[in-house]
Structure formats: C-alpha cells, structure tokens
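A.B. asks: The chain contents come next:
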Amino acid sequence: MSRGDLAAVKVTRMSLLFRIQHLLLTVLLTVLAVTGFALMYHENSLAQWIIRLEGGVHNRGIVHRIAAVLLMANLVYHVFYMLFSREGKPELRQLFFTRRDFDDFLQSLRYNLGTAKEYPRFGKYGYKEKFQYWGASVGILLIGFTGFMLWAEEFSMVFFPKVVLDLALIVHGYQGLLGFVLLYLWHIYNVHLHPSVFPMNPSWITGKVSAEWLRREHPLEYEKLEEEGLL
Amino acid sequence: MKRMIRHYLAAVLAAAALLSAGLAAGAAPGVSECMDCHGDKTIEKTLPGGRTVSLYVDLQAYRSSVHGKGSCVTCHADATAPHEKLAKVSCGRCHGDADKSYAGSSHGKLRAKGVTDVPACYDCHGKHDIRKPKDPAARTFRLNIVATCLRCHMDRALEQKYDLPGQQVMIAYQQSVHGMASKKSGLTGSAVCVDCHGNHAILPGDEPRSATHRQKIPTMCGKCHPGILEKYEMSVHGKGMRAGIAESPVCTDCHGEHTISKVSDPNSPVFARNIPKTCSGCHENEAISTRYALPKKRFSSYMDSFHGIAVEYGMTKAANCSSCHGVHDILPSSDPASPVNKANLPKTCGKCHPNAGPNFAKGDVHVEVSPKKAMGVFAVRLFYTIFISALVVLFVLHVGLELYGRWNRRKENGPDGKEGQS
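Protein sequence lines, in the order shown, are assigned to chains A and B. Each step along the first sequence adds one to the number in our numbering, with nothing skipped, and position 20 is 144. Each step along the second sequence adds one to the number in our numbering, with nothing skipped, and position 245 is 636.
Be careful, since some hints might not be right.
[Unchecked claim] Not the full set, but computed from the structure, chain A residues with beta-carbon under 10 Å of chain B:
1. Ile175
2. Ser232
3. Asn236
4. Glu278
5. Lys286
6. Val288
7. Asp290
8. Leu293
9. Leu302
10. Trp310
[What the hints assert, rightly or not] Stretch-level coverage of chain B by chain A, calculated; a stretch enters the list once three of its residues show a Cβ under 8 Å from a Cβ in chain A:
11. 701-713
12. 752-762
[As the list claims (entries may be wrong)] Computed, partial: chain B to chain A, Cβ under 8 Å:
13. Ala747
14. Phe778
15. Val783
16. Glu793
17. Arg797
18. Asn799
These aren't lab readings, by the way, just hints derived from the structure by calculation. Cβ coordinates follow ideal geometry from the N, Cα and C atoms, glycine included.
Turn these sequences into a full structure, and let the hints guide you.
C.D. replies: Below, the structure is given as structure tokens:
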C-alpha cells in the first residue's frame, strides 16, 4: 500500500465503550474542576462569579458531588472493564509500565537532541500515554478518597483529628491542580497541539485514526495489526 | 390679757393696711381676669422686626395641663391687669433640679450665651399646655419625644449652622429596631432619644459627663437589657472596658448606634454573615492585636475555612465567630469557662457536629499555614507547590525539546521529514 492509501485507511484506536468512558470523564472532570477551583480560589473575583453562576456555595457543592458520584461510577465501571472485559483486558496489559518505556523516553530525548538516529518504536501506548493514564488514575483515586472524607465529614470526625481533615482538604485541592496541569499541559498538547495530530486526534470522537499516523507514531501497533490482517 | 388684745389689734390693723395697699396697686389678677384679654384669639403684639406674636391663651388647654389647677401668677408673678411686657418665666423656681441639669447641658450652655436656636424648657414641654410625660398627649410622652427632638434635629439649616449629626442619623434611628418599635409597633418600652442621651443634661458623647460617653454605654444599654449587661460584664470585653481600656468594645461597637437593627436583619453588623467582618474590625487590626497580645490571623484563617466560605456566600447555618466564641460573654480561650477552651472544644464543635469528639478537637481550629503553627499542612502544600511547578517545567522542557528536534530534522531533510519522526 502506498502512503496515500494508508492515509485513507482508518484503524480503530478507541472502542465505543472506551469513548463513552472518555467522554464522561472529560465532561465530569471539567465540571469538577470548574466547581472545585471556584471554591479553592474563592477570594478571586472570577471564582466568585462562577460560584454565583452555580447558584451559591451550597448548590456548587451539590453540583460538585453529583459530578463526583458519576465520576466514581465511571471509575468503578472502568476498573471492571479493564480487569474483566474481553475488550479491556488487552488494553490493561498494554498500559503497564515496563523497563522499555524508560529506555524509550531516554531514546526520544536523544533523538530530539540529535544524538540518536531512530525515534523509539511505540506499541499502542507509548510512555506519554502511560504516564497520562497512570498519573490521572492515581490522582483520581487520591482526590476521590480525600473527597469522600470531606464529604462524609461527620463520619470522618469520629476517626480523625481536625488536622487530618485539613490535610485531606489540601491534598484534594492541590491534587486537583496537579491533575489539571497534567490534562491541560500534557494531554491537550499530545492529542491536540502536537504537530502530528494538530488540530486534533479524531479518535476520541470517531474512534479511528489513519493507518499512516499509526505507522509513524505507533509502529509496533501498526505491525501487529498488519500481521493480524486487520488493515 | 390686756397685752394679748393689744397684740391682736395690732395684727388686724397691719393686715388691713397691707390689703388696702395691695388693692390700690391692682392686686394679683385671677385666671378669669387674665382671660379677659388673653382669651381673645386675635390678641397679638408686634415685635420690633414687624413680626406679630399671638398672645392668645387656650384656657381649655391650660386647664387640662399639669399646672391647670394653679393660677397665672404662679409663673407670671409680675402680671397685673393690664400689664406691659412681663419678666421671663423661671421654671427653675419650682423645678430646681431640672434647671440645674439643663444649665450644664449643651442646650443650656448655649442658651446662657444668648443663642435662641437651642431649646428652652417650653420648646420641649410646651407653655400653657404642659402635660406630664406619662400623658399620651404630652410632647414629652415616650411616643412623642422623637418628633419633639426632630423638630430641630431634622432641620438642615440648624444642622449646618451648629455642625450637628446629619439627617441620615435621625432617619437611621427611625428605621432602627428601636425607632420602629416605638413608631410602628407603638411600644413604650423601646428606646427613644432621651433614654440614651438623657433629657435635661444632654451632652455630646465625647464629654465624660455625657450619658452617651463610651464608658457609660454598657450601663446605659443595660437599663433595658440587664440580662445582656450581666453577661457582658463577665466577658473579656466587659472587664477590659471596666478596667478603662477604651479600645475594648462596648455595645455600640458591634451593634451600631442609631442604626441598631435586629440580628436577623441582613444589614445588621451582627447578622450572621456580617459578624466576621464586625469582629475583624479589631481582631484583624495589627496595632490592637499587638497591643493586647491577641492571636493573629484569626479573620483570614477563618475566611479560608469551610465555615468562612459558607458564611460569606450566605449559608448562615455555618459557624461564625460567635457560634464558637460566644456573644456577649466572650472569654479568652485560656479561661476554663470559655467555649473555645481546649477542654470545652469537643462540646462546642459538638453543637453542630455530634461526632466531633475529643479526638477531633486536637490541634488548631484556626489554621495559620506556617511551619510553626501547622507544619503538616504547610509541608504538604509546599510539596505540592514544588511538585506541580517542577512538573510544569519538565512538561515545557519536553515539549520544547520535541519541537526543537522537529525543527532541526526539517532543516536537514526538507518539509516532508523522514519516517518515524515525532
């Protein structure tokens, strides 16, 4: 196949179920960020405007918690999906960090500095995607745990001194900030601003990428699909 | 016996002589004689300026006045029928105490200097129609006093001439909880002007003898609010005030003066939402905090807490300063009776959070994020700040490096680049 043909061939990168989870995550994290940061930076006038828009600090809390519950539901579904579904299990296998990811990372640095000849050959998920996935996962777990502690404050007060809740609040907020940075600097760059995908990697909507893009950016995955005759 | 008769005769003669002398000079007229002229509604005199003043006396009003059973000459001792201009009436002849206090008041002192804009006795009490203050028709009746005072104190011209408190102060009073209670609800128990300012001895609040001087305010309010006064006296603020510390708050510092409104009024400085702001007037004041060794950052640490944010956005159910510290009975936390004493914290927190036991109440309530006061929170925040900053720097470096490599390769291999580039 010529390059032109490859550009026309579309390969599935995100299944429908995966896209639904991703879309839910996108919407819910945005709602949580808007409502959460408005509280965290409550002395800022923009934050105050947002809180008023949300119908006051009480309603803000309700919106935040509804979104949080839905996110947790999404998370639980995702865990089952990754651990037990026919579709999810291979995804999880490909997402684990290996020694190779570290080598790939160093090789990509060298490649861009001009001291390595070849760019690392990634599978379906390179170190960038894995870092994104596990970073977000750890963040969501931490935020979810501390968020639950703060939500069920009467329950928490039985077990913890106030300082623990103070710490939970700090972790909840700053972990949120960390997640926000990860999403808006790292993820948005990788899937929107990176020269190979600009203005957007369409797979989050259509689920598909061009075979040519896959061959360039994830050659191992491309070769695997070619072997399996899926192209 | 002979001697007694002689004495008796002498006495009768003397009395007769006196009587005839009196008649010849036009003896003191009775009320009806006075009314011969003063009962005429058209009787008037012309002042030097050309203005005319009615000399009519409403007999009916006089008779029903507190002095109505007496006679004209009791006050107008020099009155004859007919007569020229009479001497000024001196109320002080009978009302010596009132006269003395009036003489020491702002009104009296100016009057003595010849200023006639200030009220004399009759401006507040009336002239011939004076009634007892208990009489609902009296100018000095509790529900009429405000109108009596405001005759002058709502006058713009007087206000400017004598630098008096502005009209807005008077309007504020009328709209205050006290003003509304008397004006709208007709309650006589509510404070009117004289209850705070005094009546005859009115002085500006900055004079030590004034009824409204700072040092006297708690006692003054306590006349009607004795239960509150009792609590206040026990509080750190009350004790400070009694010890002569002028910066220790008195009632009006938190509640306002003429503007006093109900606690449930959103405009009241002691409305739940406004309390932090009101307390912070002193407790966020650097000079006061230093002078009295008060704990610092109480306001900012509160406003950053869940309670503070909730209250700021109108959730008045959330704790404000007084929810934990008390209201009139505020004590320092070192006092075992204080609700914020370490030993009492579980109970205090427990008012809203039944599960907040002794374990929960360990550590600081107002979290001042510094290594000394809250190491844990400070360290975690610092860690995150550094971690996030570092991450941002690394992301930017990584992105920059990628773009740099791309740009380099494009220079070498032309716009199409070579395979596998990223």
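A.B. asks: Please check whether A:Asp290 passes as an interface residue: C-beta within 10 Å of a C-beta belonging to chain B.
C.D. replies: 5 Å, holds
A.B. asks: Against chain B, run the beta carbon of A:Asn236 and see if the smallest gap drops under 10 Å.
C.D. replies: Check passed: Cβ of A:Asn236 comes within 3 Å of chain B, closer than 10 Å.
A.B. asks: Count residues of the stretch 701-713 of chain B with a Cβ under 8 Å from any Cβ of chain A, then say if the count reaches three.
C.D. replies: It holds, with 5 qualifying residues against the three required.
A.B. asks: Taking 8 Å as the C-beta cutoff, is the stated coverage of the stretch 752-762 of chain B by chain A satisfied by three or more residues?
C.D. replies: Satisfied; 6 residues make the cut.
A.B. asks: With chain A as the partner, please determine if B:Glu793 meets the hint condition of a C-beta pair closer than 8 Å.
C.D. replies: 6 Å, holds
A.B. asks: Does A:Val288 hold up as a contact with chain B if the rule is Cβ-Cβ below 10 Å?
C.D. replies: 9 Å, holds
A.B. asks: Have a go at the A:Leu302 hint: is there a Cβ in chain B nearer than 10 Å to its own Cβ?
C.D. replies: 5 Å, holds
A.B. asks: Could you check if B:Val783 really has its C-beta closer than 8 Å to a C-beta on chain A?
C.D. replies: 6 Å, holds
A.B. asks: Have a go at the A:Ile175 hint: is there a Cβ in chain B nearer than 10 Å to its own Cβ?
C.D. replies: Holds: closest Cβ of chain B sits about 6 Å from A:Ile175, inside 10 Å.
A.B. asks: Under 10 Å, Cβ to Cβ, is where A:Lys286 needs to be relative to chain B, so tell me if that hint holds or is violated.
C.D. replies: 5 Å, holds
A.B. asks: Once the shortest beta carbon distance from B:Arg797 to chain A is found, is it less than 8 Å?
C.D. replies: 6 Å, holds
A.B. asks: Is the hint on A:Trp310 kept, meaning its closest Cβ partner in chain B is under 10 Å away?
C.D. replies: Cβ of A:Trp310 sits 6 Å from chain B, so the hint holds.
The structure fails none of the hints (numbered hints given earlier).
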